[in-house]
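Student: Single-letter residue listing:
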Amino acid sequence: MSATVNHIPMPARAEPKLLSLGPLEWARTNLFGSIWSSLVTLALGYFMLKFAVGFIDWALIKSVWTVQSDAAGKLDPTACRIVKGEGACWAVIWDKYRFILFGRYPYDEQWRGAIVIALFLALFVVSAMRRFWRKELAYIWIATLTTIGVLMWGGVFGLVYVPQDLWGGLPITLILSTFGLAFAFPLAVLVALGRRSTTLPAVKFICVVYIELIRGVPLISLLFMASVMFPLFMPVGLNPDKLLRAQVAIILFAAAYLAEVVRGGLQSLPKGQYEAADALGLTYWQKMGQIILPQALRTVIPPLVNTFIGFFKDTSLVLIIGIFDLLTSGKVALAEPIWQAYSTEVYLMLALIYFCFCFAMARYSRGLERELGRSVRR
Amino acid sequence: MNRLFAGALAAGALLTATAAFAQSGSATIDAIVKRGELNCGVAGNSPMFSLPDSQGVMRGLDADSCRAIAAAILGDAKKTKFIPTTAQNRFTALQSGEVDLLYRSTTWTLGREGNLGAMFASVNFYDGTGFLVKASLKVKSAKELDGATVCVAPGTSTELAVADYFRVHKMKFTPVLIQDLSELQNAYLSGRCDTYSTDSSGLAGFRFQQGPKAVEHILLPDIISKEPLGAMVRKGDDKFFDIVRWTYFATLIAEEYGITQANVDEALKSTVPEIRRLMGLEGDMGKALGVDNKWAYNAIKQTGNFGEGWDRNVTPYGVPRGINNLWNNGGLQYAPPMR
Amino acid sequence: MSSPRDAPRKGMQLSWADPKFRAIIWQIVILGIIGGTIWYLVANTSANLAQRRIATGFEFMGRTAGIPIGEHLIAYDPSINTYGRAFVIGILNTLQVTIIGVVLVTLLGTFVGIASLSGNWLLSRLCRTYVEIMRDIPLLLHLLFWYTMVLGLPILREAIEVLPGVHISNNGVKVPLLDWQPAHSWASLAFIVGLVLVGIARRRATRIQNATGDRPKVWPLAIAALILVPAIIWLGFGAPFHMDIPVKGRFRFEGGGAVSGEMIALLIGLVLYHSAYAAEIVRSGITSVVSGQWEAAGALGLHRPTVLRKIVLPQALRVIIPPMTSTYLGVAKNSSLAVAIGYPDLVAIVNTMLNQTGQAIEGIALIMGVYLTISLTISLFMNWYNARMALVER
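Protein chains in written order, with the working numbering: chain A, 1 to 378; chain B, 1 to 339; chain C, 1 to 394.
By construction, these hints were calculated from the structure, which means they are not laboratory data.
Take these hints with a grain of salt, some might be off.
[Claimed, not checked] Straight-line Cα separation of at most 27 Å, DSSO-like style, residue types lysine-lysine; simulated pairs:
1) Lys20/C x Lys138/B
2) Lys50/A x Lys84/A
3) Lys271/A x Lys135/A
4) Lys287/A x Lys20/C
5) Lys84/A x Lys134/B
6) Lys78/B x Lys294/B
7) Lys134/B x Lys248/C
8) Lys62/A x Lys294/B
9) Lys213/B x Lys81/B
10) Lys143/B x Lys248/C
11) Lys20/C x Lys271/A
12) Lys170/B x Lys213/B
13) Lys34/B x Lys269/B
14) Lys172/B x Lys20/C
15) Lys248/C x Lys170/B
16) Lys172/B x Lys134/B
17) Lys271/A x Lys204/A
18) Lys248/C x Lys204/A
19) Lys226/B x Lys172/B
20) Lys81/B x Lys287/B
21) Lys140/B x Lys248/C
22) Lys84/A x Lys213/B
[To be verified] Here are the computed distance ranges between Cβ atoms for each label pair:
23) Phe132/A x Trp384/C: 42 to 50 Å
24) Gly36/C x Leu110/B: 18 to 26 Å
25) Val209/A x Leu189/C: 55 to 63 Å
26) Leu166/A x Arg157/C: 43 to 51 Å
27) Glu59/C x Val209/A: 25 to 33 Å
28) Glu113/B x Phe381/C: 42 to 50 Å
29) Gly114/B x Val196/C: 56 to 64 Å
30) Arg312/B x Phe132/A: 34 to 42 Å
31) Trp111/A x Phe21/C: 35 to 43 Å
32) Met171/B x Pro314/C: 56 to 64 Å
Just so we're clear, the structure is a prediction, and the values are computed from it rather than from any experiment.
Backbone N, C-alpha and C fix where the C-beta goes; we use that ideal spot for every residue, glycine too.
The task is simple: from the sequences and hints, build the whole structure.
Tutor: Dropping the structure here:
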């Protein structure tokens, strides 16, 4: 503890640059600044090196990449069994990666799932670029999401119809989180406006209850509700699909959190903006739609992205109610007896996929925050 | 659209509190016919009972039992929609009408008939709770398990049976309760639990799946509970209950008379009165049930008799027929006479 | 929302042009829609329940449970005790994991947060990498992964004895426990009384120091009250000291205390995931304190650790507390994921209950009710604490 406490830098001071100092000098200040610092560096260096060597040995050197299949075409995991404990068995990934990515989606149609993933990525990239932050972005979203629906379902343009219960893997994770955001966002704006309302106390009350209720309970209880209770709410014979029910639960959940983010944006606007709009004699919706929301939403984009990262990870909870998302398909792939012992490899792969998405979004959000912060400060 | 319409109709019926539905006298059968599909709730992850094969086709004893009912009502076994349910949502799926019936290796108990608004129409598998242990433990009987850690799935009747058994024998145990089947089996395989308890058929199937390592696991001889597994339907629709139950009986009667999928067409020429009634040649049995007279013929033609279903789905897992033999073969499977 | 023009007018007119009238109509419409939807759902549900003859109500809470539970803080026997008691055990297990989790998250988060500002480049990089990796992986995946790791430990019969009496296996950790006797209770009581006395003495010392500049010595009293008196009481009882050391039986360790493998996996997952968030909160809290504070304190000749403890952290706390509250709430809510790896928390137990009784609505209402209570309690407490901290500001 004291080792670290000794070296609190001036927080505002910029980190010394390697170039301006020269490597030796840099190391002296940043790695061996004092006895404590030197000790920490040496200890950490030793452990990191040991870990890195061990990991490379396990993951790359002693690992098995493919296994033989016997005459009947069955895979024979003996090679993996021999190195168990010393080397990774990447053969499980090699055998199952398509199942993990696309679940039970018909094998020959999985290219559609791949396109869907690509479309989602493109949609994220386009939405991330500030020059596309216009009203047209909404149309791009609608168009892309429709295309995704057509691709997944098929049944038109010569595509084979694939019922929803066969969808799975990464597309489901992306669908649950992205559709969740797309539908939760408008709801969230309405709820946030409702909570800020001064003239409609009853509406304000309902919005507060909704937000606090949803934020006070775990997502899993909402998912249970969607999976177990929802059918009882509906009239006989009307049974929305399981995926749709989970999607509704995620939307309701996301909207409560997003509403608080949007409210933060509404509150951050100077009062003068509201007064100026009133002075112009604008109606409530004109004022909100043209003056307040465009400014407020702009400032909340970084926290919005952070909230989205949260949902993206939280969609994995649908595992518990048996929906086939990325994590579930990874687990089901492991249910096959010959691969049962190699869960570490599969979990690492899943972690890597989630990490790539979340890390990219987090980096983007931080960059944006800095950029927006700069423009606000002028 | 059809479903929506049916939903609206049903809602209307409910709201105006006129519960009566016309035609066959069974709301469920009417809904199935209108839909053109039987919604059958299955486990979908349980070898022997219902598990998709590599082509994604649902295989297993429960799956075939569902198909037989679809064949009996709709004349086509392919018109079965399998809806995988979990141990948690199976009963609400049935209660809410999301599925028409459950064939989900569900144990027939009084509590379930009493509290859940459902009843059991058939027993397609007489099972019992057993214990699987590692051979290295050198345990010979469940009575030696005092103090053991037991892996068992929560929310099942096994869970209750295990608790009762240990109490009766004044033994202690530590349960490890994990819903996810593969996670639970992992916990047993890794040695977190000393024993894994579930229906003995499930244990045999699990042991069989271990391939060459099967010898490392021993199925203890003790069967600590009765677990009759069968079809569950909603209460209040007796016609549908009858058709589910008699489709099952029909497959038993067919086995009794040696009528198989292959020779069922020859049975159409039979002179034995009961076979003629089974084949729908006499007696208008189908009409009495509210379906086509060829109902049993269709079921047998398309899914085979009970023994065939067993051989197709259960025998490959090395589970002996045992008490699931026909009554005249020393088992419990018994159908009332069709007359 | 009313525009300035209408301000002078008092009474309301029954005209669409009157914003007050409009507001009322709008509220009636919205309330009507929401109320209608709720009424529709409730009507459906009760019709469904009645038609399907599903039992309703909470009578099942008084029925014998029959469901076994692996870990319970209060005595429990499935064949005697009721669902009500099982429910209480669920709440206690959830609280237990939440409290331990919150403490560990705070400790690890604070450590990593401070260390990520260290002047040591390697240390600060490592801490930031840790934060990035831990929080970008879904918690459920964390739990499944760590549970696999725990299951990979040696089996109970080959348990590793890391310290005398402390055994680690995939069943969890077994530790020796002190065989608790009345002597220990009395000694602990004396110790607590001692703590209170020392606290009072320190306050008095500070008051005298503020008044006169001299600080009277407190430590003699501290030694007497905290060590001597409890020791004398303990000796007076005959100095009982007997450790309950776990002994390996055929299937399990007899005696001693235990932490199960499921709880360990759950805690590791929860703590790693949430400590990453906590570390970020602490880090940004510290950086929010202007550097002038460091410089001024340095100019007074204070050491860096002292500056951090006495000057910076108290100020940073005001920034840290609100987001930290939501992290704590997150720990409480996310402990519900225990259901995936078999720790008998509230959700796992109620889930089994609703499955055995078939009463889904009651079960989920129970889960939601308990979590709402926990969330609101933590919020209220943190609001109170926050208000107290804010008062320090002048």
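Student: All the hints need checking, so say for each whether the structure fits it.
Tutor: Cross-check of the supplied hints:
1. Of the supplied pair hints, the one linking Lys20/C and Lys138/B is violated, its CA atoms being roughly 82 Å apart against a limit of 27 Å.
2. Note on Lys50/A and Lys84/A: the hinted pairing holds, with a Cα-Cα distance of about 20 Å set against a maximum of 27 Å.
3. As the CA atoms of Lys271/A and Lys135/A are separated by approximately 25 Å, the hinted pair is consistent with the 27 Å bound.
4. Among the hinted pairs, Lys287/A with Lys20/C is consistent with the structure: their alpha-carbon atoms are about 18 Å apart, no more than 27 Å.
5. Between the alpha carbons of Lys84/A and Lys134/B the distance comes to roughly 20 Å, so the proposed pair stays at or under 27 Å and holds.
6. In summary, the hint linking Lys78/B to Lys294/B is supported, as the alpha carbons are separated by about 17 Å, within the 27 Å threshold.
7. For the proposed pair Lys134/B and Lys248/C, the alpha carbon gap of about 19 Å is at most 27 Å, so the pair holds.
8. For the given pair, Lys62/A sits about 64 Å from Lys294/B by alpha-carbon distance, which is inconsistent with the 27 Å threshold.
9. Taking the CA atoms of Lys213/B and Lys81/B, the gap is near 36 Å; set against the 27 Å cutoff, the hint is violated.
10. The suggested pairing of Lys143/B with Lys248/C holds, with an alpha-carbon distance near 20 Å, which does not exceed 27 Å.
11. Between the alpha carbons of Lys20/C and Lys271/A the distance comes to roughly 22 Å, so the proposed pair stays at or under 27 Å and holds.
12. Using a Cα cut-off of 27 Å, the hinted pair Lys170/B and Lys213/B is violated, with the two alpha carbons roughly 33 Å apart.
13. Proposed proximity of Lys34/B and Lys269/B is contradicted: the alpha carbons are some 33 Å apart, above 27 Å.
14. At most 27 Å may separate the alpha-carbon atoms for a hinted pair to count; Lys172/B and Lys20/C exceed this at roughly 70 Å.
15. The suggested pairing of Lys248/C with Lys170/B holds, with an alpha-carbon distance near 21 Å, which does not exceed 27 Å.
16. Only pairs whose Cα atoms come within 27 Å are accepted, and Lys172/B paired with Lys134/B is accepted, the gap being roughly 19 Å.
17. Under the criterion of a C-alpha separation no larger than 27 Å, the hint pairing Lys271/A with Lys204/A is consistent with the structure, at around 20 Å.
18. This hinted pair does not check out: Lys248/C and Lys204/A have alpha carbons roughly 62 Å apart, beyond 27 Å.
19. Restraint check for Lys226/B and Lys172/B: satisfied, since their Cα atoms lie roughly 22 Å apart, inside the 27 Å limit.
20. For the hint linking Lys81/B to Lys287/B, the alpha-carbon distance of about 25 Å falls within 27 Å, and the restraint holds.
21. For the proposed pair Lys140/B and Lys248/C, the alpha carbon gap of about 21 Å is at most 27 Å, so the pair holds.
22. A hinted pair counts as satisfied when its Cα atoms are at most 27 Å apart, and Lys84/A with Lys213/B qualifies at roughly 16 Å.
23. The supplied range of 42 to 50 Å is met by Phe132/A and Trp384/C, whose beta-carbon atoms lie about 46 Å from each other.
24. Checking the proposed 18 to 26 Å range against Gly36/C and Leu110/B shows it is violated: the Cβ atoms sit about 40 Å from each other.
25. Taken as a hint, the range 55 to 63 Å is violated for the pair Val209/A and Leu189/C, whose Cβ atoms sit roughly 46 Å apart.
26. Roughly 45 Å separates the CB atoms of Leu166/A and Arg157/C, a value that falls within the hinted 43 to 51 Å.
27. For Glu59/C and Val209/A, the hinted distance range of 25 to 33 Å is satisfied, since their beta carbons lie about 29 Å from each other.
28. Between Glu113/B and Phe381/C the beta carbons are some 47 Å apart, a value that agrees with the proposed interval 42 to 50 Å.
29. Evaluation of the 56 to 64 Å hint for Gly114/B and Val196/C yields a pass: the beta carbon distance comes to about 57 Å.
30. Distance hint check: the CB atoms of Arg312/B and Phe132/A are about 58 Å apart, inconsistent with the given range 34 to 42 Å.
31. The given range of 35 to 43 Å is broken by Trp111/A and Phe21/C, whose C-beta atoms sit roughly 59 Å from each other.
32. In this structure the supplied range 56 to 64 Å holds for Met171/B paired with Pro314/C, their Cβ-Cβ distance being about 57 Å.
Against the hints set out earlier in the document, violations occur for numbers 1, 8, 9, 12, 13, 14, 18, 24, 25, 30, 31.
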